[in-house]
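Enquirer: Here are the chains, one letter per residue:
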Amino acid sequence: MATVLREAAEAPAITVDEIAARRLVPEPMQKVLFRVAGLYGISKHSVQLPVSATESIDSGPVSITLDPEADQSGNVGIVDFDKATLRVRYNIHAVFPGLHELVMSGKHDLSLLRPVRAVATDECRLTPDMKGWRALGCLDFLPGSIWAGASGG
Amino acid sequence: MLSLREGRSVSVAYETTFLINWPQSLGSGSVSLGLEGAMVLIPIMGSD
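These protein sequence lines map, in sequence, to chains W and V. Just so we're aligned, residue 0 is where the first sequence starts under numbering that gives the first Met the number 0, counting upward by one. Just so we're aligned, residue 0 is where the second sequence starts under numbering that gives the first Met the number 0, counting upward by one.
What the hints contain is simulated information worked out from the structure, not anything from laboratory work. Built from N, CA and C at the ideal position, the CB exists for glycine as well. Hints are not guaranteed to be accurate.
[To be verified] Distance windows between CB atoms, simulated:
{"no.": "1", "chain 1": "W", "residue 1": "Gly105", "chain 2": "V", "residue 2": "Ser46", "range": "35 to 41 Å"}
{"no.": "2", "chain 1": "W", "residue 1": "Met129", "chain 2": "V", "residue 2": "Ser24", "range": "15 to 21 Å"}
{"no.": "3", "chain 1": "W", "residue 1": "Asp81", "chain 2": "V", "residue 2": "Asn20", "range": "31 to 37 Å"}
{"no.": "4", "chain 1": "W", "residue 1": "Asp79", "chain 2": "V", "residue 2": "Ala37", "range": "28 to 34 Å"}
{"no.": "5", "chain 1": "V", "residue 1": "Asn20", "chain 2": "W", "residue 2": "Asp57", "range": "31 to 37 Å"}
[To be verified] Cross-link-like lysine to aspartate or glutamate pairs, in silico, EDC-like; alpha carbons within 20 Å at most:
{"no.": "6", "chain 1": "W", "residue 1": "Lys82", "chain 2": "V", "residue 2": "Glu35"}
{"no.": "7", "chain 1": "W", "residue 1": "Lys30", "chain 2": "W", "residue 2": "Glu100"}
{"no.": "8", "chain 1": "W", "residue 1": "Lys30", "chain 2": "V", "residue 2": "Glu35"}
{"no.": "9", "chain 1": "W", "residue 1": "Lys43", "chain 2": "V", "residue 2": "Glu5"}
[Claimed, not checked] Here are a few chain W residues that sit away from chain V, every Cβ distance over 10 Å (derived from the structure):
{"no.": "10", "residue": "Ile18"}
{"no.": "11", "residue": "Lys30"}
{"no.": "12", "residue": "Leu32"}
{"no.": "13", "residue": "Gly37"}
{"no.": "14", "residue": "Lys43"}
{"no.": "15", "residue": "Gly97"}
{"no.": "16", "residue": "Gly105"}
{"no.": "17", "residue": "Asp108"}
{"no.": "18", "residue": "Ser110"}
{"no.": "19", "residue": "Asp121"}
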């Protein structure tokens, strides 16, 4: 036993630098709290959107981003790699070209151009390759736009 | 997504379909709106 210890002391298999480098390697985590720092989404198809109980418009190609007016701390989520689940909540700001055309036609008030804001909450299951997820979510339009009070998922 | 486990930010594809229900003042009914894009996620903290 004493011989073995002496040999180890004379010819160490590793260096202090190697040990320090090992400490810098992050431990894989099973649950991660994250912030949604960026988002864009574009619709490929126009849909019919109501502007009153009897009138509707073509939306045009809808685009969304994170809501710049919302508290950014509200764009958060948590992923559980053991259970392959993810829950995320984020504030969106949507642009509808159809609304712009409607207002420019002169038949409706400029207030229709107020930003359309909504909150999305998604319950997701990670794909087997861990590169994406499939979501079942909820969407609630916030006050201030023509579609305030609408909701869905 | 695995980058998040190692404390690194990640960009993921974003593809979703929202089914929007309209209130009675907008004639009720519903519409499906599909969106495609990307989302950037930054890890805040993790646990085992």
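Enquirer: Hey, is glycine 97 of chain W genuinely clear of chain V, shortest beta carbon separation above 10 Å?
Expert: holds (12 Å)
Enquirer: Examine each Cβ of chain V, and state whether all of them lie more than 10 Å from the Cβ of aspartate 121 of chain W.
Expert: violated (7 Å)
Enquirer: Quick check on a hinted range of 31 to 37 Å for asparagine 20 of chain V and aspartate 57 of chain W, using CB atoms only.
Expert: Distance hint for asparagine 20 of chain V, aspartate 57 of chain W is violated at roughly 20 Å.
Enquirer: Quick check for students: does the CB of serine 110 of chain W sit more than 10 Å from each CB in chain V?
Expert: Holds, because the least Cβ-Cβ distance between serine 110 of chain W and chain V comes to about 15 Å, which exceeds 10 Å.
Enquirer: A cut-off of 10 Å on Cβ-Cβ distance, and aspartate 108 of chain W was said to be off the interface with chain V. Does that hold?
Expert: holds (16 Å)
Enquirer: Given the hint that lysine 43 of chain W pairs with glutamate 5 of chain V, does the C-alpha gap stay at or below 20 Å?
Expert: violated (34 Å)
Enquirer: Straight-line Cα separation of lysine 82 of chain W and glutamate 35 of chain V no greater than 20 Å?
Expert: violated (26 Å)
Enquirer: For leucine 32 of chain W, is the shortest beta carbon distance to chain V beyond 10 Å?
Expert: violated (5 Å)
Enquirer: Beyond 10 Å from every Cβ of chain V: is that where the Cβ of glycine 105 of chain W lies?
Expert: For glycine 105 of chain W, whose nearest Cβ neighbour in chain V is about 22 Å away, the distance exceeds 10 Å, so it holds.
Enquirer: Within 28 to 34 Å or not, the Cβ separation of aspartate 79 of chain W and alanine 37 of chain V?
Expert: Since the Cβ atoms of aspartate 79 of chain W and alanine 37 of chain V sit about 22 Å apart, the hinted range of 28 to 34 Å is violated.
Enquirer: Using the Cβ atoms, figure out if aspartate 81 of chain W sits within 31 to 37 Å of asparagine 20 of chain V.
Expert: holds (35 Å)
Enquirer: With d taken as the least Cβ-Cβ distance between lysine 30 of chain W and chain V, does d exceed 10 Å?
Expert: violated (5 Å)
In summary, the numbered hints that this structure violates are 1, 2, 4, 5, 6, 7, 8, 9, 11, 12, 13, 14 and 19.
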